[in-house]
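Number of protein chains: 2
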Amino acid sequence: MAGESGRASSLRPLDPNRLRLYVVTDRALARGRSEVEVVRAALEGGATAIQLRGKDWSSRELYRVGRELRQLTREAGALFVVNDRLDIALAVEADGVHLGQEDLPLAEARRLAGPHLLIGITAETVEQGVAAQEEGADYLGTRAIFATPTKAYREPMGLDELARLVQAVQIPVVAIGGIHAGNARQVLATGVAGLGVVSAVVAAEDVRAAAAELAGLIQAERGEA
Amino acid sequence: MAGESGRASSLRPLDPNRLRLYVVTDRALARGRSEVEVVRAALEGGATAIQLRGKDWSSRELYRVGRELRQLTREAGALFVVNDRLDIALAVEADGVHLGQEDLPLAEARRLAGPHLLIGITAETVEQGVAAQEEGADYLGTRAIFATPTKAYREPMGLDELARLVQAVQIPVVAIGGIHAGNARQVLATGVAGLGVVSAVVAAEDVRAAAAELAGLIQAERGEA
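From first to last, the protein sequence lines are chains A and B. If you read the first sequence in the numbering used here, its first letter stands for residue 23, the second for the next number, and so on. If you read the second sequence in the numbering used here, its first letter stands for residue 23, the second for the next number, and so on.
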């Protein structure tokens, strides 16, 4: 499958730096702007990875938007990941698929995707993170770190459990859920590879500026600026 | 991909007789019975093909139920097709995937699935049916033939347009939508390869008997009984 996609080279093992600012799309939060518009601005601001999420969309809509975002991310040199839908990820030649605990099992996805596709797994607990690493996950997402309207089905993970997760695994961790410029430093202090954001960028009046502010914070925190 | 699935031999070109009684699952119509319970009874009654449809389910739920239905259909010698989700179809080693006009494009699905997976396409019009055949569809479904609560977004196709569709293509056509024992003969008279049913079987108090009645009608109409 990976061979059929015409990918020139594998992204595995994944350079953690490519996850440093990981923006997840959300149409409902985007103030009426299209995914293309939001993602273009986020990339201009310094997003390094984009995840396409469209839970109630038709497959055709995911495919259409996915192809557009694949082109934008390729031009920007950013990672492109599709949430949940392995078929869409493969069809649009995404770099990866992100799987939650209620999505396809990791081993099944790897069997179908071949050796090159990145597979990210949502670790709702430290134990799930360790298990996902053992099963070959390329990176981990988290359950919401802070309270957020996007994923409110469970108590937030919090910074202490996030730090334990980061320490328990060798693969990169992208923290997500309620992260914004005001708490980004605390999150980065746990040793995460990247900040995952939805509303802090997607819902911002100035998407590019919001992404640039977070990218600047990451640079500063790492002593790069 | 098809090679990885361990399929012994290709089902293409598809024997139209395998589509003669094509039952589509619907949890909301099943009177609280599980898909496994309904499908087992339908197969006992003479269903020759099962399509798994679970539009709002998680991928994990589709995978779980899909694996169970794959086992049941394999034991019964029946076709097993997954609606919309190519990744689930491949993961559970289904015989085919059924794609509507808002699902993945046929050519993309064929590229990802390899040469052996059956691909059925919903033809909402004669023109779409002809186009799907040209693009390599293995069989066609239809938009609703009669008025039905399941798919009420459009005027029913009716028997005249169904007959034109059947005559316009060489690949087998499964008529679906509002079909039951009371109108099955009229539908069969158009030359369709099979009857597609949802509520007439899935919602029946006695699923096995409902499937057996339809199977008997098909046999009788074809002079086999």
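No wet-lab data here; the hints were simulated from the structure. Hints are not guaranteed to be accurate.
Pair ranges (Cβ atoms, derived) [what the hints assert, rightly or not]:
id : chain 1 : residue 1 : chain 2 : residue 2 : range
1  : B       : Glu177    : A       : Thr147    : 42 to 52 Å
2  : B       : Arg176    : A       : Val58     : 21 to 31 Å
3  : B       : Ala153    : A       : Glu243    : 31 to 41 Å
4  : A       : Gly180    : B       : Glu83     : 25 to 35 Å
A partial selection of chain B residues facing chain A, derived with a Cβ cut-off under 7 Å [unchecked claim]:
id : residue
5  : Ser80
6  : Gln93
7  : Asp106
8  : Asp109
9  : Leu112
10 : Ala129
11 : Arg132
12 : Glu243
13 : Glu246
Note that CB positions come from ideal geometry on N, CA and C, so glycine has one too.
To see whether the hints hold, each was checked on the structure:
Against the hinted window of 42 to 52 Å, the Cβ-Cβ separation of glutamate 177 (chain B) and threonine 147 (chain A) comes to about 51 Å, which satisfies the hint. Between arginine 176 (chain B) and valine 58 (chain A) the beta carbons are some 30 Å apart, a value that agrees with the proposed interval 21 to 31 Å. Between alanine 153 (chain B) and glutamate 243 (chain A), the C-beta spacing of about 55 Å breaks the proposed range 31 to 41 Å. Range check, glycine 180 (chain A) to glutamate 83 (chain B): about 29 Å between beta-carbon atoms, so the 25 to 35 Å window is met.
Satisfaction of the interface hint for serine 80 (chain B) is found here, the shortest Cβ-Cβ separation to chain A being roughly 4 Å, below the 7 Å cut-off. Interface restraint check: glutamine 93 (chain B) against chain A, minimum CB-CB distance 16 Å, threshold 7 Å, status violated. Taken as an interface hint, aspartate 106 (chain B) checks out: its beta carbon lies about 6 Å from the nearest beta carbon of chain A, inside 7 Å. For the restraint placing aspartate 109 (chain B) at the interface with chain A, the shortest Cβ-Cβ distance is roughly 4 Å, inside the 7 Å limit, so the hint holds.
Of the supplied interface hints, the one on leucine 112 (chain B) holds, with its beta-carbon coming within about 5 Å of a beta-carbon of chain A, less than 7 Å. Because the smallest distance between the Cβ of alanine 129 (chain B) and any Cβ of chain A comes to about 10 Å, over 7 Å, the interface hint for this residue is violated. Among the interface hints, the one on arginine 132 (chain B) is violated; its C-beta lies about 11 Å from the nearest C-beta in chain A, farther than the 7 Å criterion. For glutamate 243 (chain B), the suggested interface contact is broken, since its CB lies about 35 Å from the closest CB of chain A, more than 7 Å.
Interface restraint check: glutamate 246 (chain B) against chain A, minimum CB-CB distance 38 Å, threshold 7 Å, status violated.
Hint check: violations occur at hints 3, 6, 10, 11, 12 and 13; the rest are consistent with the structure.
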